[in-house]
Every structure is written in C-alpha cells, then in structure tokens.
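Visitor: Sequence:
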Amino acid sequence: MAKITNLSRARKTCAREQDRAKADANAARFGRTKMQKDAEAESAEKLRKHLDQHRNEE
Numbered sequence: 001m002a003k004i005t006n007l008s009r010a011r012k013t014c015a016r017e018q019d020r021a022k023a024d025a026n027a028a029r030f031g032r033t034k035m036q037k038d039a040e041a042e043s044a045e046k047l048r049k050h051l052d053q054h055r056n057e058e
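Numbering-wise, full-length UniProt numbering puts 5 at position 5 of the sequence shown, and it's gapless, one number per residue.
Hints listed in this document are in silico derivations from the structure and should not be mistaken for laboratory results.
Just so you know, even glycine gets a beta-carbon here, dropped at the ideal spot from N, CA and C.
Do not rely on the hints blindly, as some may be mistaken.
As the list claims (entries may be wrong) - Pairs of lysine-lysine, BS3-like flavour, derived with a Cα cap of 27 Å:
1. 12 with 22
2. 46 with 34
3. 34 with 49
4. 34 with 22
5. 37 with 22
6. 49 with 37
To be verified - Label-pair restraints from in silico Cβ distances:
7. 42 with 9: 45 to 53 Å
8. 14 with 35: 33 to 41 Å
9. 12 with 48: 26 to 34 Å
10. 8 with 44: 27 to 35 Å
11. 31 with 51: 27 to 35 Å
12. 16 with 37: 38 to 46 Å
13. 51 with 30: 39 to 47 Å
14. 7 with 36: 38 to 46 Å
15. 37 with 1: 31 to 39 Å
16. 14 with 50: 36 to 44 Å
17. 37 with 12: 56 to 64 Å
18. 8 with 50: 54 to 62 Å
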C-alpha cells in the first residue's frame, strides 16, 4: 500500500523549508552579531566625543 500524503501539509512544509533557507542566506549576508553592533556603537560614540573635545568655539 502507498503512504497517504496530505498535500496541503506537504506544501506548507516545503514553503517553511524554503523560507528558512532564505532567512539563513540573508542572515549570513546582512546579519551582524550583537557584539559587532555594540562595538560599532561604542566606536561611533568614542569618535563623537573626540571630535567634540576638539571643537573650536569662538
């Protein structure tokens, strides 16, 4: 006997797998870790403070 397959469930499963693969690809291409985001924000803040200290107010 053949195994009975629910087609709507199979389509949903296939769609989930495709979405998961697309999300993984996007995360690898565009994603940054929290540590990287924090380091970038800290660097920007340090640069802003450095520039503010050298501001000429006449």
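Visitor: Indicate, hint by hint, whether the structure satisfies it.
Guide: Hints, verified against the model:
About 15 Å separates the Cα atoms of residue 12 and residue 22, which keeps this hinted pair within 27 Å; it holds. For the hint linking residue 46 to residue 34, the alpha-carbon distance of about 18 Å falls within 27 Å, and the restraint holds. Simply put, residue 34 and residue 49 have alpha-carbon atoms about 23 Å apart, close enough for the 27 Å limit, and the pair holds. At roughly 21 Å between alpha-carbon atoms, residue 34 and residue 22 fall within 27 Å of each other, so this suggested pair holds.
Note on residue 37 and residue 22: the hinted pairing holds, with a Cα-Cα distance of about 23 Å set against a maximum of 27 Å. Between residue 49 and residue 37 the alpha-carbon distance is near 18 Å, which keeps this suggested pair within the 27 Å criterion. At about 48 Å, the beta-carbon gap between residue 42 and residue 9 stays in the expected band of 45 to 53 Å. Judged by the Cβ atoms, the range 33 to 41 Å given for residue 14 and residue 35 holds: they are separated by roughly 35 Å.
One distance hint, 26 to 34 Å for the beta-carbon pair residue 12 and residue 48, is violated here, with the actual separation near 49 Å. About 49 Å separates the C-beta atoms of residue 8 and residue 44, a value inconsistent with the hinted range of 27 to 35 Å. Taken as a hint, the range 27 to 35 Å holds for the pair residue 31 and residue 51, whose Cβ atoms sit roughly 30 Å apart. In this structure, residue 16 and residue 37 break the distance hint of 38 to 46 Å, their C-beta atoms being roughly 28 Å apart.
Between residue 51 and residue 30 the C-beta distance comes to about 29 Å, which lies outside the given range of 39 to 47 Å. For the pair residue 7 and residue 36, the supplied restraint of 38 to 46 Å holds, since their beta-carbon distance comes to about 43 Å. Taking 31 to 39 Å as the suggested C-beta distance range, the pair residue 37 and residue 1 does not conform, at roughly 55 Å. At roughly 53 Å, the beta carbons of residue 14 and residue 50 sit outside the given window of 36 to 44 Å.
One distance hint, 56 to 64 Å for the beta-carbon pair residue 37 and residue 12, is violated here, with the actual separation near 34 Å. About 60 Å separates the C-beta atoms of residue 8 and residue 50, a value consistent with the hinted range of 54 to 62 Å.
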